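Engineer: Here is how the chains run, residue by residue.
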Amino acid sequence: MSFLDYFRSRKNTGSANVAKERLQIIVAHERGKREQPDYLPELQRELVAVIRKYVQIEDDQVQVELDRNEDCSVLELNVTLPERR
Amino acid sequence: MARIIVVTSGKGGVGKTTTSASISTGLAKRGHKTVVIDFDVGLRNLDLIMNCERRVVYDFVNVIQGDASLNQALIRDKRVDTLYILPASQTREKEALTKEGVEKVINELSETFDYIVCDSPAGIEHGALMALYYADEAVVVTNPEVSSVRDSDRILGILQSKSRRAEMGQDPVKEHLLLTRYNPDRVEKGEMLSVADVEEILAIPLLGVIPESQVVLNASNQGTPVILEDQSDAGQAYDDAVARLLGEEREHRFMSSQKKGFFARMFKG
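So the sequence lines, in the order shown, correspond to chains X and Y.
Heads up, the first sequence is in this note's numbering, so the first residue is 1 and it goes up one at a time.
Heads up, the second sequence is in this note's numbering, so the first residue is 1 and it goes up one at a time.
Bear in mind the hints are in silico, worked out from the structure with no lab data behind them.
All of these numbers come straight from a predicted model, not from anything done at the bench.
Treat the hints with caution; some may be incorrect.
[To be verified] Dumping the calculated DSSO-like pairs for lysine-lysine here, alpha-carbon to alpha-carbon at most 30 Å:
| id | chain 1 | residue 1 | chain 2 | residue 2 |
| --- | --- | --- | --- | --- |
| 1 | X | K20 | Y | K104 |
| 2 | Y | K174 | Y | K162 |
| 3 | Y | K11 | Y | K29 |
| 4 | Y | K104 | X | K33 |
| 5 | X | K33 | Y | K11 |
| 6 | Y | K33 | Y | K189 |
| 7 | Y | K99 | Y | K189 |
| 8 | X | K53 | X | K33 |
| 9 | Y | K99 | Y | K33 |
| 10 | Y | K11 | Y | K174 |
| 11 | Y | K78 | Y | K162 |
| 12 | Y | K104 | Y | K189 |
| 13 | Y | K174 | X | K33 |
| 14 | Y | K33 | Y | K162 |
| 15 | X | K20 | X | K33 |
| 16 | Y | K162 | Y | K104 |
| 17 | Y | K104 | Y | K78 |
| 18 | Y | K174 | X | K20 |
| 19 | X | K20 | Y | K189 |
| 20 | Y | K78 | Y | K33 |
| 21 | X | K20 | Y | K29 |
| 22 | Y | K29 | Y | K104 |
| 23 | Y | K174 | Y | K29 |
| 24 | Y | K162 | X | K33 |
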């Protein structure tokens, strides 16, 4: 057993690399959110309200994101309309 | 002008108070006049870790509210005579720590002390924000474990946006990573995040690595800051961290397991 353990321990089979991958993803995601202006959630709610005057949509069918680049920022609006019946 | 250092983490139970006790003791032992403030209003514990719980008469909130002077509230350490403790109150509500009140106390301490160490409560609520607000430097205590690393990143975000330095547009708070409860054996087995992993994710300079050690519990049982256990690995690791905080170059230790020989590895039971 211990002979095999020796070779096994050389490989990176532990759970630490899973932890690292999961952390890299969640930390990048949360940093992205942190850098967004405070008004985005409010903007998103108001946009949903306006669009609802004309089309029935759910809250999560409007996505608002701000991409900051060197010299300009892009406000990206994604509205998914319901399928036509 | 005192240098203000916050010991923070977001997550609870990672070793903030242990670290505050050791770093303040280490700074004082080197001759710097140091005060360590417990910001955990309602759940004070620094007094126990520093073995002065029976000498608390007045506390931080009494001073803020004008019920006691700083001199009445400060407790002089019995081991290191350049070290003072300002305990948190045990009963009053957290909102007693106002920004103005904390500033008044810190300004007064600044006149006579070289270092002010702020022991932050866990979480990102009022007490934690007050502890970090006036900081010049931050020691972010992190365990090699997913929830602790994530919470440390959260606290870094708050340091970068909500501290006085951030609000005033001054130089940012100087951030230091202190990895505690590190178990090199488990890292080598791939069961625990390594120093390099945590450094890569948090992307702040490493102040030190404190190995997981039975000495830490023994020291807290007795109310001795671990740094005074100078024969122990954890004590020496804290001493290295304090030296680095003061700008000294010291090689990192206790990051790999005690090397077993080839045969010991092959034939272990």
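Engineer: Is Y:K29 close enough to Y:K104, meaning Cα to Cα at most 30 Å?
Structural biologist: holds, 27 Å
Engineer: Decide if the proposed pair is consistent with the structure: Y:K78 and Y:K33, CA atoms, cutoff 30 Å inclusive.
Structural biologist: holds, 14 Å
Engineer: Would you mind confirming whether the straight-line C-alpha gap from Y:K174 to X:K20 stays at or under 30 Å?
Structural biologist: Between Y:K174 and X:K20 the Cα gap is close to 25 Å, so the pair holds against 30 Å.
Engineer: Please work out if Y:K11 and Y:K174 have their alpha carbons no farther apart than 30 Å.
Structural biologist: holds, 20 Å
Engineer: Going straight from one Cα to the other, do Y:K78 and Y:K162 come out at no more than 30 Å?
Structural biologist: With a Cα-Cα distance of about 36 Å, the restraint between Y:K78 and Y:K162 is violated, given a limit of 30 Å.
Engineer: Mind checking the alpha carbons of X:K20 and Y:K104 for me, to see if they're no more than 30 Å apart?
Structural biologist: Answer violated: X:K20 to Y:K104 is near 43 Å, above 30 Å.
Engineer: Can you confirm whether the C-alpha distance between X:K20 and Y:K29 stays at or below 30 Å?
Structural biologist: Roughly 38 Å between the alpha carbons, so the hint for X:K20 and Y:K29 is violated.
Engineer: Starting from Y:K99, check that the Cα of Y:K33 is at most 30 Å away, please.
Structural biologist: OK: Y:K99 and Y:K33 at ~24 Å, within 30 Å.
Engineer: Hey, Y:K162 versus Y:K104, does the alpha-carbon distance stay inside 30 Å?
Structural biologist: holds, 19 Å
Engineer: Has the given pair, Y:K162 with X:K33, been kept, meaning a C-alpha gap of at most 30 Å?
Structural biologist: holds, 16 Å
Engineer: CA of X:K20 to CA of X:K33, is that 30 Å or under?
Structural biologist: holds, 20 Å
Engineer: Quickly compare the C-alpha distance for Y:K104 and Y:K78 to 30 Å and report which way the hint goes.
Structural biologist: Distance ~27 Å between Y:K104 and Y:K78 Cα, so the pair holds.
Violated hints, listed in ascending order, are 1, 4, 6, 7, 11, 12 and 21; each of the other numbered hints is respected by the structure.
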